Amino acid sequence: MDCVVTGGNVKVLAKAIHSLSRIGDELYVEPQEDGLALRSVNSSRSAYACFLFAPLFFSRYTIPIGLAFRCKMAIKSVQAVFRSIATLEKTVEKCHIELDEQKNLLTFTLHCKHGLVKTHNLSFQDSESLQAVFDKDSYSNVFRSHPRLLVDTVVHFPPSLEEVTVSVSDDRMWVKNHVEDETDRSKAMLTELCLASDEFDHFSVQVQNSVTFCLKELRGLLVFAESTGLPISMYFDEPGSPVVLSVTDSVLEGNFVLATLSDDSNLRKNNTKRACTPPPPPDDFMNDDMDSYLIAMDTSVMPGPSASRPPSPPLTNSTSLKQTAAAKHRTRLPSEEEEEEEEEAVNSSGPPNKKFCSLFFGSVLPPSSQMTTQPLTGQEVLASDSEDDVQ
Amino acid sequence: MKFRGKIIDVACLNHFTRVITTISKLTKMCVLRLTPLNLFFVLSGKVANGGVSMWCELSQENFFDEFQMEGVSPEDNEICLEVTPENLSRALKTVQNARAVKLKLTSKHCPCLTIAAELPTLSSASRLVTHDVPVEVIPRRLWHEFKEPGMPDFDVSIYLPPLKTMKNVIDRMKNLSNFLVVEANLSGQMNLKIDTDLVSVSTHFKDLGNPPWGAEGSQQGGPSPSRDPDAMARTRVDIRKLQQFLVGQQVNPSKAMCNIVHERVVHLILLHEDVSLQYFIPAVA
Amino acid sequence: MPLSTQSQGDAEQYVLVASLDNARNLSNILKAITFKDHAIFSATPNGLKVTVEDSKCLQANAFIQSEIFQEYTIKEDSVGFQVNLTVLLDCLNIFGGSTAPGVSTALRMCYKGYGYPLTLFLEEGGVVTVCKINTEEPEEPVDFEFCSTNVTNKVILQSESLKEAFSELDMTSEVLQITMSPSQPYFRLSTFGNSGNAHYDYPKDSDMMELFKCTKTQTNRYKMSLLKPSTKALALSCKVSVRTDSRGFLSLQYLVRNDDGQICFVEYYCCPDEEVAED
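So the sequence lines, in the order shown, correspond to chains A, C and U. Note that UniProt numbering has the first sequence beginning at 1, numbered continuously upward. Note that UniProt numbering has the second sequence beginning at 1, numbered continuously upward. Note that UniProt numbering has the third sequence beginning at 1, numbered continuously upward.
For the record, the hints were derived by calculation from the structure and aren't laboratory data. Given the structure is predicted, the values throughout are model-derived calculations rather than measurements. For each residue, glycine too, the CB sits at the ideal point set by N, CA and C. Mixed in with the good hints, there may be bad ones.
Unchecked claim - Quick look at which bits of chain U chain C covers, simulated, 3 or more residues with Cβ under 8 Å:
#1 24–33
#2 132–144
Unchecked claim - For lysine-lysine, the following BS3-like pairs were computed, each having C-alpha atoms within a straight-line distance of at most 27 Å:
#3 A:K76 - U:K228
#4 C:K93 - C:K25
#5 U:K204 - A:K113
#6 U:K132 - C:K167
#7 C:K174 - U:K132
#8 U:K232 - A:K76
#9 U:K163 - U:K31
#10 U:K232 - C:K174
#11 A:K187 - C:K25
#12 U:K31 - C:K164
#13 C:K206 - A:K187
#14 C:K174 - A:K187
#15 U:K228 - A:K90
#16 C:K241 - A:K216
#17 A:K15 - A:K216
#18 U:K31 - C:K193
#19 U:K75 - U:K56
#20 A:K15 - U:K163
#21 A:K113 - U:K239
#22 A:K90 - U:K204
#23 U:K132 - C:K241
#24 U:K36 - C:K174
#25 U:K163 - A:K94
#26 C:K108 - A:K187
#27 A:K113 - U:K163
#28 U:K132 - A:K113
#29 U:K154 - A:K113
#30 U:K163 - U:K216
#31 C:K193 - U:K112
#32 A:K113 - U:K213
#33 C:K174 - C:K206
#34 C:K28 - A:K187
#35 U:K223 - A:K76
#36 U:K31 - C:K174
#37 U:K163 - A:K11
#38 C:K93 - A:K187
#39 U:K163 - A:K90
#40 C:K193 - A:K187
Assemble the whole structure, with the sequences as input and the hints as a guide.
As structure tokens, then:
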């Protein structure tokens with residue numbers, strides 16, 4: 001492979017690599033006839049991202065004919081090539097990418113201002129093909145918006161937040177933080193944002209439901225989309241089947257495929273119910289009845305602070321959530337957590353709960369030795385990257 | 001027990017957010033007392049707080065366009081909540097451009113202070129955001145722990161120098177030492193001192209002025225009239241506590257004072273129009 | 001007690017008194033050599049030299065000529081002492097070291113002699129801070145015997161172009177290799193990290209290159225950990241001179257312009273990495 005990127009496209013390429021670095025530790029490079037594919041997957045294989053840069057993106061793009069080649073390398077080392085991303089536009093005039101298969105070297109040469117030439121020779125490993133199976137046309141819920149809308153949405157959530165739940169009705173989208181642990185719920189701050197359909201360029205809902213996925217990867221894509229100003233499309237179906245976020249223009253396409261939490265039936269009914277309930281008209285916001293916020297207790301008779309809270313008031317939401325938690329503990333058996341290859345539609349008899357389906361690569365990964373080292377089956381948490389360890 | 005308030009004015013919202021942010025820099029948890037006229041943020045000087053106590057008082061009508069509350073009972077018309085100011089601050093910061101922000105006590109998954117805001121959009125509908133900040137309701141029998149602290153019987157009272165200058169000095173001193181001696185006299189002089197094996201540093205402020213506590217006559221505390229104006233009252237404190245106090249200050253208050261009870265406590269008072277903040281730092285040996 | 005009213009009687013006991021209207025003119029240049037706590041001060045009538053060393057392989061010197069000071073009085077041919085540099089910098093910046101125009105900290109630095117602390121009087125906006133920093137007997141700095149007559153290769157670059165390279169250095173590389181040559185690649189910085197190697201080539205006719213005087217191709221390696229602190233000096237400087245001598249020793253000289261437009265120098269000496277034979 002021998003290709004050249006010039007001008008503003010150098011920054012686009014750099015941003016794509018930075019964006020991919022939010023997904024996984026390795027960059028999979030595959031020069032294809034239809035362009036250069038850069039991919040990444042997280043360690044639990046529950047998040048996958050791919051950028052395809054068409055030949056027209058480059059001012060030169062040549063690949064050996066009829067010879068499939070793929071490799072992977074530490075994404076950090078590629079990121080290092082484009083380290084000064086803020087000044088990239090001003091300093092780099094041309095980026096030359098060359099693959100030397102004999103020496104196992106991928107060379108990035110940056111021709112910069114004042115004649116400075118930076119050459120990075122990166123070693124790589126051969127790799128299998130990495131591809132997620134998804135068909136954007138088959139999704140029932142499709143949305144498109146300027147990245148600004150999503151940037152303004154995620155800003156309401158703390159950087160430490162792992163997952164968000166997106167629910168939709170015919171004309172609204174709710175985004176709220178997902179709290180994994182029932183016991184944390186009493187301490188966690190819950191945030192919910194409601195977006196009207198006309199804030200989107202495209203808003204089409206066939207199935208009113210909600211999905212929960214990781215925020216980190218979405219933030220990664222936003223970095224790219226915001227700098228390029230490209231609209232983001234979002235596709236999703238059932239809880240448990242992946243959500244797809246994508247950006248496209250005439251010379252590039254980026255797709256982020258993120259596993260969603262497989263819902264249990266109770267919770268889903270709830271969400272569906274809520275999503276179906278006609279949302280209050282915006283005017284009502286200013287006139288809500290104070291009595292409905294009564295906390296039914298007189299603290300003076302309570303024996304102590306720990307017991308100062310009466311049983312939860314009979315709000316259907318919280319009650320059913322508690323039951324759900326109890327039911328979950330009863331039904332969760334170790335055997336159910338193994339060998340869950342393809343996540344079926346959730347059945348009502350109680351499948352394993354709180355579980356991200358990280359398995360949409362199963363069909364394309366060869367059963368090589370690598371498989372055994374990958375924690376492919378029965379992940380309980382989406383995107384459990386190394387970052388999880390510190391928590 | 002009900003509470004509901006609404007802020008429409010952007011400047012009020014901004015000011016309110018700054019006050020909460022200031023408090024969030026001072027303490028992880030504190031008690032919010034709501035009364036028909038005031039909001040109080042209270043930290044009582046327990047050992048767990050390093051003995052520091054705080055009392056911040058806001059007059060509700062200076063911030064809220066609507067403010068309705070019903071306390072526990074007509075005779076105890078108050079609501080007392082344990083809150084995490086950091087959460088409130090974070091929620092408020094994301095709604096700075098809101099058309100209106102409502103603050104209400106709600107019963108969600110647990111008792112919450114709900115911050116609901118209507119954000120402007122380019123489209124016809126507005127964007128609604130709600131933050132449910134969990135709170136603990138404090139039973140009435142514990143309320144006595146969160147009463148306004150009495151004015152200590154101080155030896156010296158003095159106006160503080162510009163807080164920015166003080167912060168710069170204390171930030172550096174913090175690099176050099178864990179403890180700091182604050183001393184002041186009735187001639188408008190205040191010194192900040194550290195002393196370690198490597199270095200001794202003393203910063204001298206003068207002409208600060210001493211607040212006229214005696215003239216009002218009503219305070220039980222206040223320096224003795226016979227006190228030598230040049231005699232220093234001093235207290236050695238944990239430098240981090242003082243630093244914390246200064247880090248949070250986002251605006252220069254209209255009045256900033258410091259009372260020192262010799263070798264006992266440093267009592268800091270900030271007045272900013274409608275907000276007053278008192279902070280007590282105990283002496284360390 | 002503002003600085004101006006310090007009793008003149010006091011001054012007589014001091015062997016060294018140096019005053020600055022703007023303490024940043026001293027603190028900035030000291031920042032450029034802060035990588036170890038111990039700093040050796042040696043004052044002569046020409047000015048002040050401050051030396052910091054690391055494991056006999058790296059030495060940094062900052063020179064502040066006597067003219068930089070508004071007052072500079074020395075009673076002996078040379079006065080030497082050693083202080084903790086981090087502490088000194090905290091003291092010099094006690095008022096925050098503001099860069100705002102019109103705000104500056106005045107400094108009066110006094111030393112009475114062996115066994116006495118280094119005393120700083122700092123004043124900003126009428127507030128006075130007095131610092132007494134304990135001193136120790138100075139150690140003898142290492143003599144790197146870097147002599148300009150033995151210089152093999154020398155280039156002078158505008159610092160701007162090196163700043164970029166140093167900020168991007170692959171820190172997984174144990175060494176920084178410097179190649180200087182009268183022919184291609186002229187001036188090259190190379191790293192050898194975990195995931196590959198990188199070369200930064202500066203052509204001799206680059207408009208960043210102010211002087212190019214290389215007589216012989218030389219490739220030397222220097223420990224990355226030793227050279228990394230020099231980035232601080234680079235950041236403050238406007239020009240840098242890179243020289244190597246016949247033994248492969250490296251000299252980096254930085255020209256630093258202070259707030260008042262005066263010029264000071266910082267220099268770093270570094271031994272080549274022993275493991276690699278020279279070409």
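Which of the listed hints are broken here?
-> Hints 1, 13, 14, 16, 19, 28, 40 not satisfied by this model.
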